[in-house]
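Let the sequences and hints guide you as you build the complete structure.
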Amino acid sequence: MTDEDRPAATPAIVACPDGPLLVRGDVDLVDPQGRPLERHRRTVALCRCGSSAIKPYCDGTHKLKHFTTGGA
Amino acid sequence: MFDLQQAIARAVAGSDDLLHDDDVQLALDMLYELHYTGFDEADDGWEWSPALLAGRSLIEAAFERALRASVPMPELPEPRADAVAAALFELTAPTPGPGLARTIEREATDEQAREFIIQRSIYTLKEADPHTWAIPRLRGRAKAALVEIQSDEYGGGRAERIHAALFAGTMRALGLDDTYGAYIDAVPAITLASLNMSTMFGLHRRLRGSAVGHLAAFEMTSSLPCRMIGDGFRRLGYGVDVTFYYDEHVEADSVHEQIAGRDLAGGLVDAHPELLADVMFGAAACLVVDGMAADDVRSAWEAGESSLLGSAVRS
Numbered sequence: 001m002t003d004e005d006r007p008a009a010t011p012a013i014v015a016c017p018d019g020p021l022l023v024r025g026d027v028d029l030v031d032p033q034g035r036p037l038e039r040h041r042r043t044v045a046l047c048r049c050g051s052s053a054i055k056p057y058c059d060g061t062h063k064l065k066h067f068t069t070g071g072a
Numbered sequence: 001m002f003d004l005q006q007a008i009a010r011a012v013a014g015s016d017d018l019l020h021d022d023d024v025q026l027a028l029d030m031l032y033e034l035h036y037t038g039f040d041e042a043d044d045g046w047e048w049s050p051a052l053l054a055g056r057s058l059i060e061a062a063f064e065r066a067l068r069a070s071v072p073m074p075e076l077p078e079p080r081a082d083a084v085a086a087a088l089f090e091l092t093a094p095t096p097g098p099g100l101a102r103t104i105e106r107e108a109t110d111e112q113a114r115e116f117i118i119q120r121s122i123y124t125l126k127e128a129d130p131h132t133w134a135i136p137r138l139r140g141r142a143k144a145a146l147v148e149i150q151s152d153e154y155g156g157g158r159a160e161r162i163h164a165a166l167f168a169g170t171m172r173a174l175g176l177d178d179t180y181g182a183y184i185d186a187v188p189a190i191t192l193a194s195l196n197m198s199t200m201f202g203l204h205r206r207l208r209g210s211a212v213g214h215l216a217a218f219e220m221t222s223s224l225p226c227r228m229i230g231d232g233f234r235r236l237g238y239g240v241d242v243t244f245y246y247d248e249h250v251e252a253d254s255v256h257e258q259i260a261g262r263d264l265a266g267g268l269v270d271a272h273p274e275l276l277a278d279v280m281f282g283a284a285a286c287l288v289v290d291g292m293a294a295d296d297v298r299s300a301w302e303a304g305e306s307s308l309l310g311s312a313v314r315s
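Residue numbers (full-length UniProt numbering), protein chains in the order written: chain H, 1 to 72; chain G, 1 to 315.
Any given hint might turn out to be false.
Take a look, some chain G residues computed to stay more than 12 Å from chain H by CB distance [to be verified]:
{"no.": "1", "residue": "Asp40"}
{"no.": "2", "residue": "Ser57"}
{"no.": "3", "residue": "Ala182"}
{"no.": "4", "residue": "Asp185"}
{"no.": "5", "residue": "Ser223"}
Facing chain H, a subset of chain G residues (Cβ under 7 Å, in silico) [stated by the list, open to error]:
{"no.": "6", "residue": "Leu91"}
{"no.": "7", "residue": "Pro94"}
{"no.": "8", "residue": "Asp152"}
{"no.": "9", "residue": "Met228"}
{"no.": "10", "residue": "Val250"}
{"no.": "11", "residue": "Glu251"}
{"no.": "12", "residue": "Ser254"}
{"no.": "13", "residue": "Gln258"}
According to the in silico footprint, chain G covers these stretches of chain H (three or more CB under 8 Å from chain G) [claimed, not checked]:
{"no.": "14", "segment": "14-24"}
{"no.": "15", "segment": "36-47"}
{"no.": "16", "segment": "57-63"}
Because the hints were derived from the structure by calculation, they are not lab data. Glycine residues also receive a C-beta, built at the ideal position from the N, C-alpha and C atoms.
Below you can see the structure in the form of structure tokens.
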């Protein structure tokens, strides 16, 4: 198998309707100074409703806020 | 001569509420335990004893009938991944008002909070195991999703991060016995029924859709309650050695619920639309049975009693 034949391990970001951004794969999560953010699992959910108490990660609070993404 | 099948048939037929029947649920729990980590005192060969399996199937048939009679079937969405995920999120949407997690957060006494941990220990010391049975029954997107969730449940390769091990740490920090089964005689039937149901869904390939739906509902009703429970233990003065399991689940299950709804349950229904009703039943059954167990605990506390059997257990 040559490198071109291998399935690509491209990182992917899934925009979950009415929910977080799910980040899978080899992506650097860093603060504005480029310092790595603490990461506990391979796949992480990033808050996009703005209400999480554990930002940048999702804590499910979007469900209490009835956050919607309009299908995006 | 003692006839096991007859004895089981009598016990099952004579029960007017199988979900709350201590003997029947304990018997089923023990029969299932032979497939998990077993008993020191029981020969491992009993796992595949035809007599025990025949007895187990008598209990399971009645248990499944009782579940189907107790669980209102939700309206079925279109058999597409996005519609299934949306329906599951709607079914599991947080309800305002009282609940067991809120009670822990706001008013449970120290003794009640420890009692809650004892109740949860029956499942949580083997957290994730019942759904793992479903992995070889799935293919493609659903399988990858289940493995992704379970890998995280099992610590992503780090034994000390296995969620069941984190829960054992919580128990030890509270001075409770973290040996599996230490409190099996103290918990009521409905607590055993909750675990038995997920084991039945996991062990029967026929019910793989319900195993998937069950896990999705479980994950979707976890992160917000886990924060309340962690806050409850902080209110009672406990530190991170007690709360870490719950703190971890706030973040972990916010990830898992997305994977479980869209890729696991949705992916399964995309590939197998005929399993849609099983998926939704499994989700609804999780909510109903775990809701019954939680309500029983709160009712006991409101009456000033313990939710545990007999003379309640101290550490």
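Tested hints:
no. : hint   : result
1   : Asp40  : holds (34 Å)
2   : Ser57  : holds (38 Å)
3   : Ala182 : holds (29 Å)
4   : Asp185 : holds (35 Å)
5   : Ser223 : violated (4 Å)
6   : Leu91  : violated (12 Å)
7   : Pro94  : holds (6 Å)
8   : Asp152 : holds (5 Å)
9   : Met228 : violated (11 Å)
10  : Val250 : holds (5 Å)
11  : Glu251 : holds (5 Å)
12  : Ser254 : holds (4 Å)
13  : Gln258 : holds (5 Å)
14  : 14-24  : holds (count 7)
15  : 36-47  : holds (count 6)
16  : 57-63  : holds (count 6)
In this structure, the hints that do not hold are numbers 5, 6 and 9, in rising order.
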